[in-house]
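Asker: Spelled out from the first residue to the last, the chains are:
Protein chains: 4
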Amino acid sequence: MIRAGIIGSTGYAGYQLSVLLSQHKNVTVAFFSSHNYSNMKLSDVYGNLRGFLEDICIDIHNVEDKLREIDVLFLALPHGKSFKLVEKALSVGIKIIDISADYRLRDYKDYEQWYGVKHELAGCLKDAAYGLPELNRKRISNSNLVANPGCYPTASILALAPLIQNNIIDNTSIVIDAKSGVSGAGRSANIPTLFCECADSVKAYGIASHRHTPEIEQQLSDLAGEKIALSFTPHLVPISRGILATCYGSLKKEISQNELYDLYKGCYENERFIRITETLPETRYVKGSNICDIAIRKDDRTKRVIAVSAIDNLIKGAAGQAVQNMNILFGLCEYSGIEMIPDIL
Amino acid sequence: MIRAGIIGSTGYAGYQLSVLLSQHKNVTVAFFSSHNYSNMKLSDVYGNLRGFLEDICIDIHNVEDKLREIDVLFLALPHGKSFKLVEKALSVGIKIIDISADYRLRDYKDYEQWYGVKHELAGCLKDAAYGLPELNRKRISNSNLVANPGCYPTASILALAPLIQNNIIDNTSIVIDAKSGVSGAGRSANIPTLFCECADSVKAYGIASHRHTPEIEQQLSDLAGEKIALSFTPHLVPISRGILATCYGSLKKEISQNELYDLYKGCYENERFIRITETLPETRYVKGSNICDIAIRKDDRTKRVIAVSAIDNLIKGAAGQAVQNMNILFGLCEYSGIEMIPDIL
Amino acid sequence: MIRAGIIGSTGYAGYQLSVLLSQHKNVTVAFFSSHNYSNMKLSDVYGNLRGFLEDICIDIHNVEDKLREIDVLFLALPHGKSFKLVEKALSVGIKIIDISADYRLRDYKDYEQWYGVKHELAGCLKDAAYGLPELNRKRISNSNLVANPGCYPTASILALAPLIQNNIIDNTSIVIDAKSGVSGAGRSANIPTLFCECADSVKAYGIASHRHTPEIEQQLSDLAGEKIALSFTPHLVPISRGILATCYGSLKKEISQNELYDLYKGCYENERFIRITETLPETRYVKGSNICDIAIRKDDRTKRVIAVSAIDNLIKGAAGQAVQNMNILFGLCEYSGIEMIPDIL
Amino acid sequence: MIRAGIIGSTGYAGYQLSVLLSQHKNVTVAFFSSHNYSNMKLSDVYGNLRGFLEDICIDIHNVEDKLREIDVLFLALPHGKSFKLVEKALSVGIKIIDISADYRLRDYKDYEQWYGVKHELAGCLKDAAYGLPELNRKRISNSNLVANPGCYPTASILALAPLIQNNIIDNTSIVIDAKSGVSGAGRSANIPTLFCECADSVKAYGIASHRHTPEIEQQLSDLAGEKIALSFTPHLVPISRGILATCYGSLKKEISQNELYDLYKGCYENERFIRITETLPETRYVKGSNICDIAIRKDDRTKRVIAVSAIDNLIKGAAGQAVQNMNILFGLCEYSGIEMIPDIL
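Chains as they are written, first to last, in my numbering: chain A, 1 to 345; chain B, 1 to 345; chain C, 1 to 345; chain D, 1 to 345.
To be clear, the hints were calculated from the coordinates, so they are not data collected in a lab.
Heads up, some of the hints might be wrong.
Since the list can't tell identical chains apart, any single copy or any two copies may satisfy a pair.
Stated by the list, open to error - Straight-line distance between alpha carbons at most 30 Å, and here's what the computed DSSO-like set of lysine-lysine pairs gives:
| # | residue 1 | residue 2 |
| --- | --- | --- |
| 1 | Lys66 | Lys109 |
| 2 | Lys41 | Lys298 |
| 3 | Lys227 | Lys252 |
| 4 | Lys25 | Lys138 |
| 5 | Lys252 | Lys298 |
| 6 | Lys84 | Lys253 |
| 7 | Lys265 | Lys41 |
| 8 | Lys252 | Lys126 |
| 9 | Lys109 | Lys298 |
Chain A with its partners taken away, still in its complex shape (with noise of 0.2 Å):
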């Protein structure tokens, strides 16, 4: 059995892992830990989970004694608070999965600049992995430290790496529109995410200038060889859980819409978690599942081509994600507690 230790159990995506994790058949959760809630049942906060997760959350402060006694170490945080126990965790030779954005950009300036925090671990990131195993998976298993990728990054890049890995459309044309689910707001108790703020509106937010737009343009500029820039909107819209990624791009050479399905039921054909569809993605469609959902559509009249993605922002876009990364650390079967069938209601 593999011994996890969750850090931020109950955030929603710390919420989530705690559920996955405690439900896999090849890991024992050591400890769930928590800042707001600690000392407090995992269900006196999340009241589902009564009979089902009753542990009592430790304070994050102890989690420095316990880290001897586990093989994984999950951290669930906001960003810029991780840096201290990665580098103890790091330093007793235990494997992380960090779901924050601190690994996830190369260079620490970048960090320093999109997120406004002085990176303290820069001299992690050479070995860090990024955490898209459909992408990297041969680097996240042999990777002491992975940095699993944010909700947008994971909706974007698998809707547009097959269009730029065989160089089709010109780089610099790239579009990104994207919807997001309130619960990647966190739960935080702020005025913007209560019911009757955000339940009957629509709105786009951080044009120019979100966080995951240099982690996108940092993946899909690996993928194409060159350096990549695009344009990245977010939008909220008033559903719990899901992102829809709407990506566009010009074509730069004659392809058909046959030949475009072709290419991606190609590039994705060994991928459990990913189906390349003919009718057009509805987050409704992966809710609950580690699924990412990808149609692919050519405008003749334009020659652009449109990639739109469908992803559960908490599971493939965090938690689902995290465990398919463990897996891969581990050795264990990829899918391995993550195959949940994802429900339409």
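Add chains B, C and D to chain A, keeping to what the hints say.
Answerer: For chains B, C and D alone, coordinates are given in the frame of chain A:
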């Protein structure tokens, strides 16, 4: 008093039109008409109207006899159903405001291609005015047949017009990613618009094929003085009212964020129904009103500009704009009857 | 023109009041005041108001100086915060309409027991009028201090009054099961009213202990001429606006369904804001209006009667009723400024 | 392996049953059948099932030929449609679990009165077992025909049973006020369940006339040993899944809050699917699970007791309970295949 008749008063747009016109201080509604609910009170279909609007809807087949009693006929029918009535109404000399798509495209062949039905009144198209007052006020005022714009086109054209009129973006680079509430799909009993099918989901639809595309292109081409082809992607989001259009274009000249803002402010300086906002639009900020909010953002990194607009699809995107057009047609104050403050809740 | 001041204009009820009063043709709002958003424009807090209500909210501490400039002061504060201002305002002879619970209970000991704070102005309670116009119009018109009813009490009392006034039900048998939208919980940043915590759920709360219970009992007891104790259970449902109250009582005399309907029709015969409906009320049928819909049903099998009422909690349940009370206080048409047609969408 | 057939697998309850049975480790689904979508893949109707459940639904008319291939037949049809198939299935000796109301009422005259159709298989009613395991486990285990309870009755009966079994309340005083999500109305294309018609509203319906009333009364009467008549009021609330039942009764003996809690704890002591909670139930706490949460409250002031229960209407209220019944019928572990942790988001 202007005497008006309403065809299709029990659909969502027709309902909205009925409410607005019945409260308009310069208008008497001579008749409400319905196909599915003829001989029923409006308030039996829309229970909120009890005590306010208890008129009985006459059968659509009885409308012809009443044409001589009115000055203006509003039609809120599905496309392809207006031809006979419009022909008759024009022949008796009354003014027409049509909310369907039947008279929006100047070339009947475009209509027949995109809508898949024969245009039985193609001869009228050259005299029809496209009813977007902010861009076409003069022509509307002289017309007998106003083609009320579609909801997506209203939001999209108003957002992009200043850029195109001023030759600021590459006209081949335009991408419009729009999000609509469910009322846009009408009040028909269809499974995809059931609560359980769309309440917790987001999807794109009609990629590269939505019928509002040629309408947007036609109007923007007029402004550009050249033929524009663009990508338009509609999405369905779980709100009742509202459209948010996020519009992308590549800058072809250097211009600062401040200059862009001033440009928009200038273009719409005297327009009561357009607010150029510094913060980003949200559909709830225009709900229940005839307002179109627009914000403009420059993305320095990609040399792109992003214009975001929000409207209430049933008001500025349909019934409110129809009333605005009527006000123009009859020389009334353009704001009369449509000065509602938006309601956030 | 009546000069009004508004305290607490940035909460949801205060927002609604600000919108209604600023459009009232007989009212000039002398000042808007806010605790959390002082020195900000109302339209910076509620973006929908841009161009309509750009007044700057003065600090609540600066209100005292302005009391002599107004005829009526509206207070929309949490309970227990009004005492000093009300005392001062009464001393300078202006009329007061208080939306909180501070002056609703006749006996200050009831207030202190249910609300857990000391009543610092108990001497005023005997002169305060309970502001439910349909049942207390005369007393309101002669009062300087109107205690605007709670949202649940408004819906509950109006639904039950005809039964109790006419001695039709066993007064020990009353059960009120009410469902409220989330705006009833106010605009504070709290986790339980986050979108993700309440968007897809229904719950009861405050069983046998909700503070609106003694208020309902006091008013119904007055109508009955005897002390009534009843069960009141509030529920939270995922809508923004609206309350539905389902009220049960056991018949103590034989009466037919038709007689019940006629009784209700008669009781509220001249009440513009009450609609006795044959079909069952839905909160959407009263949304955005000052209307209270009521239906009455007899259950022959159990000899019980069920009265169902629906209101918009922010209008008839708060701000609209406050305006109605002001109209009465100042001898205006009672409907002035609150004749909005409900909006179903 | 138990071989199962499913009739009506494309309605919401049938969908849920298909998902549960296809994942059940002791079950092979021999066929899925549909009326409206025969010869289509389940995953073409429910896009979330792509890659998971790609079976083709056979036409309901072809089911008879397949009866000999199965051990158990599940029917999820509208009421009044099961008679021929059930008769045939019983004749070939297979077990039946019917999710409709056709075999729940012991007296066919009650059925005919409340449902308005002739009962064509009244002879079977005496042998049908009411499939509420917590109260009827033994009888279910010996039956060939299990009448799966309605969703409202499941929530209501489980909430009230301890009070009635222990003779604690006046049986003439019972009021059940229940709130259901929209999936309870099924997947038919009807205007009242369109998103725009119910997304922002709450209503009561079927007051004193809902068909689940005699079912609840029958079961509670059995527990009481006397005929019970009660008031049952269903409400529609804008959630997809979930029922909350708020049940009122007048105490006929003195009992403390703690004693009530202990009573409930004791009654359901060994019931895996029932949680007696100290805090009040919320439908989100049971969503996606076979759990029924129940809380009990005493109202000292009125000598009333209020029991509140929450279930997922499609699982404990339909498909999950059907699987639970199958597990009992075939001597499997009663929890097999239905141990899902509820999901709050």
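Asker: Find the hints from earlier in the document that the structure breaks and name them by number, from lowest to highest.
Answerer: Numbers 1, 6 and 8 - these are the hints that the structure violates, sorted from lowest upward.
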